[in-house]
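Number of protein chains: 2
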Amino acid sequence: MQVGLPGRLALVSFLVVAPAASGLAATDPLREQAKELFQPIPTNPPALPDNPATPAKVELGRMLYFEPRLSESHNISCNSCHLIGLGGADGRPNSIGHNWQRGGRNAPTVLNAVFNTAQFWDGRAADLKEQAGGPIANPIEMGITKEHAVEQLKGIPGYVEAFRQAFPGEADPITYANIEAAIAVFEATLITPGAPFDRWLEGDDAALDEAQKQGLAIFLEKGCASCHNGINLGGGMYAPFGVVQKPGWEFLPPNDRGRFQVTNTVEDDYFFKVPSLRNIELTAPYFHSGHAWGLEQAVAVMGQSQLGENLTEREIEQVTAFLRALTGEQPQVPFPILPPSVATTPRPEP
Amino acid sequence: MQVGLPGRLALVSFLVVAPAASGLAATDPLREQAKELFQPIPTNPPALPDNPATPAKVELGRMLYFEPRLSESHNISCNSCHLIGLGGADGRPNSIGHNWQRGGRNAPTVLNAVFNTAQFWDGRAADLKEQAGGPIANPIEMGITKEHAVEQLKGIPGYVEAFRQAFPGEADPITYANIEAAIAVFEATLITPGAPFDRWLEGDDAALDEAQKQGLAIFLEKGCASCHNGINLGGGMYAPFGVVQKPGWEFLPPNDRGRFQVTNTVEDDYFFKVPSLRNIELTAPYFHSGHAWGLEQAVAVMGQSQLGENLTEREIEQVTAFLRALTGEQPQVPFPILPPSVATTPRPEP
Numbered sequence: 240m241q242v243g244l245p246g247r248l249a250l251v252s253f254l255v256v257a258p259a260a261s262g263l264a265a266t267d268p269l270r271e272q273a274k275e276l277f278q279p280i281p282t283n284p285p286a287l288p289d290n291p292a293t294p295a296k297v298e299l300g301r302m303l304y305f306e307p308r309l310s311e312s313h314n315i316s317c318n319s320c321h322l323i324g325l326g327g328a329d330g331r332p333n334s335i336g337h338n339w340q341r342g343g344r345n346a347p348t349v350l351n352a353v354f355n356t357a358q359f360w361d362g363r364a365a366d367l368k369e370q371a372g373g374p375i376a377n378p379i380e381m382g383i384t385k386e387h388a389v390e391q392l393k394g395i396p397g398y399v400e401a402f403r404q405a406f407p408g409e410a411d412p413i414t415y416a417n418i419e420a421a422i423a424v425f426e427a428t429l430i431t432p433g434a435p436f437d438r439w440l441e442g443d444d445a446a447l448d449e450a451q452k453q454g455l456a457i458f459l460e461k462g463c464a465s466c467h468n469g470i471n472l473g474g475g476m477y478a479p480f481g482v483v484q485k486p487g488w489e490f491l492p493p494n495d496r497g498r499f500q501v502t503n504t505v506e507d508d509y510f511f512k513v514p515s516l517r518n519i520e521l522t523a524p525y526f527h528s529g530h531a532w533g534l535e536q537a538v539a540v541m542g543q544s545q546l547g548e549n550l551t552e553r554e555i556e557q558v559t560a561f562l563r564a565l566t567g568e569q570p571q572v573p574f575p576i577l578p579p580s581v582a583t584t585p586r587p588e589p
Numbered sequence: 240m241q242v243g244l245p246g247r248l249a250l251v252s253f254l255v256v257a258p259a260a261s262g263l264a265a266t267d268p269l270r271e272q273a274k275e276l277f278q279p280i281p282t283n284p285p286a287l288p289d290n291p292a293t294p295a296k297v298e299l300g301r302m303l304y305f306e307p308r309l310s311e312s313h314n315i316s317c318n319s320c321h322l323i324g325l326g327g328a329d330g331r332p333n334s335i336g337h338n339w340q341r342g343g344r345n346a347p348t349v350l351n352a353v354f355n356t357a358q359f360w361d362g363r364a365a366d367l368k369e370q371a372g373g374p375i376a377n378p379i380e381m382g383i384t385k386e387h388a389v390e391q392l393k394g395i396p397g398y399v400e401a402f403r404q405a406f407p408g409e410a411d412p413i414t415y416a417n418i419e420a421a422i423a424v425f426e427a428t429l430i431t432p433g434a435p436f437d438r439w440l441e442g443d444d445a446a447l448d449e450a451q452k453q454g455l456a457i458f459l460e461k462g463c464a465s466c467h468n469g470i471n472l473g474g475g476m477y478a479p480f481g482v483v484q485k486p487g488w489e490f491l492p493p494n495d496r497g498r499f500q501v502t503n504t505v506e507d508d509y510f511f512k513v514p515s516l517r518n519i520e521l522t523a524p525y526f527h528s529g530h531a532w533g534l535e536q537a538v539a540v541m542g543q544s545q546l547g548e549n550l551t552e553r554e555i556e557q558v559t560a561f562l563r564a565l566t567g568e569q570p571q572v573p574f575p576i577l578p579p580s581v582a583t584t585p586r587p588e589p
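Chains as they are written, first to last, in my numbering: chain Z, 240 to 589; chain F, 240 to 589.
Excised from the complex, chain Z in its bound form:
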């Protein structure tokens, strides 16, 4: 689903019938409207189609996620740019890869990425599995070839055993597809339930304060939720950056045409996947270009470029208060003990 212009959300006045004398709180129209648009993050990781999780596979995925030997230099892992303790991103405009090369776009968060309909800012990967394999073999990121990545792991006895356990019954379990599959099932565990907003959505009136509720009301009324909706408040569709007014080159550098570069279709020019707003306070700088360093600034730019709204300072404060209520419980992940190299293990690029 793509939108050209964000239809303002119809602010349906729900006909609320208060449960008379039942002792239940009267239904909250704001919550009822929100429940139509958003869903809380579940407590348990979702199942992945065609990629069932087992403890052995998740454990292998955790190892591979932190494994620098999946890079040509043995210096870069998934966690180098998607730090589990830093909101699942790296806090830089763009990431630093092989030979200190810079990535083209701001590293999106891995947290809750499982709930996005596609991966990367331009949606060029259909799912986590396909995404996981991208940076490993990208010459400016981890910079290894798929063949070498497989040979590398085959040269580490502990991985031979770990893949056997994660992919039982396979004659030759260390394959690039299985590397991707294991990382994907681990990444699917990186979800952040329990955000104040989710607790409020589920009925806890006190989970949001007044400023946050005001912010939510503005978020709905101004039309933010036209794109930022669903379980991730984003991640479900593509939208042009600059629906109403194109932002300046700093935020929308002309050489990055976004989704166009995948579809080669002019109508996708400068379209990007709508990013999730989950844990957004943890992942500055913002936008695919990574040049908005404050949440307030990002909200102001969004108002102007996507909605044609010059939000007041007070409105921006309230919206950002709401956005800060989207921070959930961060995943507690033990740093994995990685299997040692041996004398015959392929060596890093000098």
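Hints in this document: simulated from the structure, not taken from any laboratory.
What the simulated footprint calls covered on chain Z by chain F, stretch by stretch (three residues with Cβ under 8 Å from a Cβ of chain F suffice, anywhere in the stretch; the number is not a length): (1) 307-313; (2) 316-328; (3) 335-341; (4) 531-543; (5) 572-579.
A virtual CB, placed ideally from N, CA and C, is assigned to each residue, including glycine.
Given the coordinates of chain Z, work out where chain F should sit on it, guided by the hints.
Chain F only, in chain Z's frame:
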């Protein structure tokens, strides 16, 4: 203490009086000799002089250890080169630092480093605290200035609070010295008790197999323990690389004169701190130059250069079997949740 030539250990024949009819096993002369030279890793972290550990300080140290914003690029942390899951090192000959510059020597393991008498290959840091501050401010490693490191953390509200808790009563707790102190108390927790050798040392006969005991006997008889002794089987003294015969340039590059570069004293030429052999199977490649990729190769080179011994293949096998018994329980460290940057936080070098 420095040695010029390794005195062969006197193989004292302990006069063993078996406890007659007591039901206790007869005293094992090999163990008795070993107990004179080695101590097991304790279960609990040792206290640091003038740097008392508190839960808040250890927790802060854990955050700082994994904190990439302590580097100029926001891309490198302590854990980039001393990976907790990779034997406390990085598996490269030398490490990759700021702007992809290479370090001069192989990254030593952080595991059990608290038990070394000094830090770095040349002992230029007296303790963990002093060591911790080195790479952060080294232009080819994390590449930040001490002043900027302090300003960086002061710009992150979560650290203002974390330092207040870790250093209660201090008016201005975010200082470079306190960064070092917090990292040091965390690093002191990175110890690896429970190695088979330690369990054997403490009386568990079955903890070592016959090859490992043979290896230990060779280790003692040939003189390895002249330098590799104490709790860390190393880390307690300086020794020249090439006591008997200087190894080739690959292992002993002539431009790195080791301890000489600290003391500027010719008698320290090509002296290096004797590395610990704890967890040695996890930390290839070996030597300060990081060019020996196999443990067997490293043992053979040591035999020739330090002892003038051409060890047989069988002896090398047995010694390496013993060395593999030095691998202890690896630390289980949760990846810390780092406090988020805000709009005013100092930004990474672009």
